[in-house]
Structures are given as C-alpha cells and as structure tokens.
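Make a model of the complete structure from these sequences and hints.
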Amino acid sequence: MGEAQRLFFLFLGALLIYNILLIRFIALCSFFGVSTRMTTSIGMGLAVIFVMTMASAVSWVVWNYVLVPLHVGEFLYIPAFILVIASLVQFEEMVIRKISPALFRAMGIYLPLITTNCAVLAAATESVKPGFLKLHIPYRFSFIESIIYTLGVALGYTIVIIMFTAIRERIEGAPIPSSFRGFPIAFIVAALMSLAFMGFAGLFGL
Amino acid sequence: MWIILKAALSMAGLGLGLGIILGIAHKKFAVEVDPNVEKILNVLPGANCGACGYAGCEGAAEAIAKGEAPVEACVAGGHEIAEQVAHILGKDVQRKRKPTVSLVHCKGGKSKVSHRYRYDGIPSCSMAQQVASGPLMCTYGCLGFGDCVRACPFGALSLDGNSIPQVDVDKCTGCGLCAKTCPKDIISLVPKDVPVIVFCNSKDKPRIKRNICTVSCIGCKACEKVCEVDAVVVQNNLAVVNYEKCNGCGKCVGKCPRDCLNFLELKA
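Chain order of the listed sequences is A and B.
Okay, so the first sequence: first residue is 1 according to the numbering used here, each after it adds one.
Okay, so the second sequence: first residue is 207 according to the numbering used here, each after it adds one.
Just so you know, the hints here were simulated from the structure itself, not pulled from any lab data.
As the structure is a computational prediction, the values presented were derived from the model and not from experiment.
Incorrect hints may have been included.
Think about it this way: if two alpha-carbon atoms lie no more than 30 Å apart in a straight line, the pair counts; the simulated DSBU-like pairs of lysine-lysine are [unchecked claim]:
no.: 1; chain 1: B; residue 1: 234; chain 2: B; residue 2: 272
no.: 2; chain 1: B; residue 1: 409; chain 2: B; residue 2: 457
no.: 3; chain 1: B; residue 1: 316; chain 2: B; residue 2: 233
no.: 4; chain 1: B; residue 1: 245; chain 2: B; residue 2: 377
no.: 5; chain 1: B; residue 1: 245; chain 2: B; residue 2: 398
no.: 6; chain 1: A; residue 1: 98; chain 2: B; residue 2: 233
no.: 7; chain 1: B; residue 1: 457; chain 2: B; residue 2: 377
no.: 8; chain 1: B; residue 1: 318; chain 2: B; residue 2: 411
no.: 9; chain 1: A; residue 1: 129; chain 2: B; residue 2: 212
no.: 10; chain 1: A; residue 1: 98; chain 2: B; residue 2: 409
no.: 11; chain 1: A; residue 1: 98; chain 2: B; residue 2: 245
no.: 12; chain 1: B; residue 1: 386; chain 2: B; residue 2: 411
no.: 13; chain 1: B; residue 1: 245; chain 2: B; residue 2: 297
no.: 14; chain 1: A; residue 1: 98; chain 2: B; residue 2: 272
no.: 15; chain 1: B; residue 1: 318; chain 2: B; residue 2: 377
As structure tokens, this is what we get:
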C-alpha cells in the first residue's frame, strides 16, 4: 500500500467508517443541541474543523516532546490535553477577533462551546493514541497522519451534523404525533442514520 | 515519588508556558471596543428582530455608536429607547416616531369562511399559499397557520380559537416582522392611538364576499355615509379608514351590518 493510499484510507476511515457521531456516539450533546437551524450547525461544523485540527496538532507536539520523554503520558494525557485545548481555543478566539471580525461573528459564539467538547478531546487523544485500529502492536501516528486523521473526524462531524439538521428542519413541519415532537423524533432519526452509517463498515475491506 | 514530582512539574511548566503565551497574545491581539456600543446594547430591547435593517441588536448598536445609524434606529424600541440612546451619545432625538401596532385585517378564520379544499400539508401559511392561494374561498383572508405568531420576537401575537392572530397591544412594538412574513399582506402597521379598524382585506365583488364569508365588508357604504369627517371611504369594494382624518367618534362601528368595523380596544 502506497503512502498516499494509506493516508486516504485513514481519512476515509475516520470520516465514514468510524464516524465520530453516528458510529462512536461521541459529542452527542452538541449534535442534538445546535442542530435545529442550518446556519448554526454550519457555523458549529466549521468551528469544529478548525479547532479540532489545531488541537490535535498541538496535542501531538505536547505528547511526543513533553509527555513521552518524561514518561508521564500514560496517566497525564487527559489533563494535559484539556489544558492545551482550552488555552488554544482562547488563543484562537483572540487571534480571530483581531484578524477577521466577520469570521469572529460567524464562529465566535461556538468557540467557547468547543473548549469543553468531548469530540475535540477524543480526536486529540486518538491522534496520539490510535484506539480504533485494533492492532496488536502499539502504533504511533506521524504528525501528518494525525492531522489527516483529525481532519477526517472533524469533516465527519460536520457532514453528519449538516445532514441531521436538514432532516430536522424538514421534520419540523411534518405531521408527527405530539408525544414524539422535538427530541424523541430527533433521537429516532439519529438512530436510523446510525444504522445507515453501519453500512460503511467493510468498505474497502477495512 | 520521583514520578509524582515529574508529573506535577511537567503540568506546572505546561500551564506556565501556555499562560505566558496567552498573556502576551492578550496584549498583542487586544481589540479596542467602543464602550458606547455595550452601553447602547444594554438599552436596546435585545430581541434581535432586525426591523432596523442591521443583523441583530449588536449590529445596530455598533452602527449607532459609529454614527452610521441615527439614534432612533431601533424601530421596536420607539421613542423611549431612542431618548436613552441619545442620552448615552449626548445627542438629541431628531424626530418623534408615532408608536405603531400591527393589526390583522381579517376576522374570517376557519369557521366563518367556506373552504375550497382540505389542506393536509405542512401547517404554515407560506406553504398553504403556494397551493392555489390556500384552502379558503376568500383568497385575501387569513390562512390561520400562524406564520406571524412564529415571526414575532416579542410574543405579542397569538392565535385565537378561530385561528385568527390576535395582537397584544401592550407587547407589540411595531417592528413589522409579522407584516413582512404574512403571505396575504393582511397585517398592517397602524398608529397605536387609532380608534377604528376595518377587519376585512378582500377586494372581491360584494356578491362573492357575501356568499363565502360572514364577516366580510360588502361595500355597502353605511360607514361612509355616517362618517362626519369623511375618514371612511369605500375603495375597490372595501372600506378603508384614513387614520389622519378619523377622530374616533365611533358612529360607523354600530352601523356596519357585517360586524367587520370595530374599535381597536375591543379587538373583536
């Protein structure tokens, strides 16, 4: 398998086959919380792509150059990554506010939400401790691999939340029994979408 | 013991490093915010109705602080808010805006107008309007799915038992979002002190109107004849009140044989 092909499969695996929302059920809070209007879900998706990629890049550096050399990574990675991600989001907020007020207005309110989002922490953790590959030998992502992998996770989040929002906006006007209105029908929709995404398992024999 | 020390030191070092970076960034990327913007924002209603033409109250506050918008830019706030904003900026209110209120010019509703077909689609006026102008015989009448109720950011509108929106005059700020939303253009903004309203919007022929709706204006001119100041005139088969002339004597109200001319306070 060539290098480019391997990276492509890694990306696709993170995007569809092990989709963070529908297959692994991480970050369901924001998935149901901000998926009522298309504009907000697109804003959230873009913010997640941005923050997640940056966060895993920084986490990779911290893991490989601070935690591993000191032999404290195995038990200290969660507090360390939370610290790094929280400061990174603060930093990004300041920079975006200075450089592009328009982008800040579009994305600004979602950035603080993402500070404590479990999807970002999960992606950062997995980019240094790949869990889903089910390998018997310990495997460590290179920097490029971790970026590609996180980009796949973040894009998977964005695509699914946009699809979900489109369905929810249509459902708003549908004749649904009153006891199913709102969250109950949203959960059913999410479950059906999850079933559909299970179909990606086995794609390319991965 | 050594590993605890190492863990504590590495976390402390990480925190210190990030703290210093954030501290420098805070100085370097500081954005100067006009203190007036926040003050104005606190005064504005905060409903983000968009009637001023800006993206929400924050956009309006920025524009007012910069001088791009007049101090009375907030439509919903009215004169009171304009005065407070003017006080913050040390300016004077230019012109006095008459307080307005939105009104639904229809009393028909589901029980009083006959239907052409049964509408089973999405419960929304704009959707029903696309299916041959809605299920009512009267193509001018209120469809009663409450698009205006959902559009109102102040909760001033509500559907009554007959599916006709009723305006809470105290809550209505006259922002006009409901009038923009209504696909039938039934809602209009009228001065808050207006005494008399015509509750019909149909420009159909009187004979047709009489057959399809029990509360339609049939253009009988009873109100026009009784009015002493010529404020009520029948145009296009429909009585229209000229609010600049009307003195609110109320003589026309009792004369209407179809019960579609009424006072605002009664709200029918």
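Results for each hint:
no.	hint	result
1	234/B to 272/B	holds (24 Å)
2	409/B to 457/B	holds (24 Å)
3	316/B to 233/B	violated (63 Å)
4	245/B to 377/B	holds (24 Å)
5	245/B to 398/B	holds (29 Å)
6	98/A to 233/B	holds (11 Å)
7	457/B to 377/B	holds (29 Å)
8	318/B to 411/B	holds (18 Å)
9	129/A to 212/B	holds (21 Å)
10	98/A to 409/B	violated (56 Å)
11	98/A to 245/B	holds (22 Å)
12	386/B to 411/B	holds (26 Å)
13	245/B to 297/B	holds (15 Å)
14	98/A to 272/B	holds (19 Å)
15	318/B to 377/B	holds (28 Å)
Checked against the numbered hints given earlier, this structure breaks hints 3 and 10; the rest are met.
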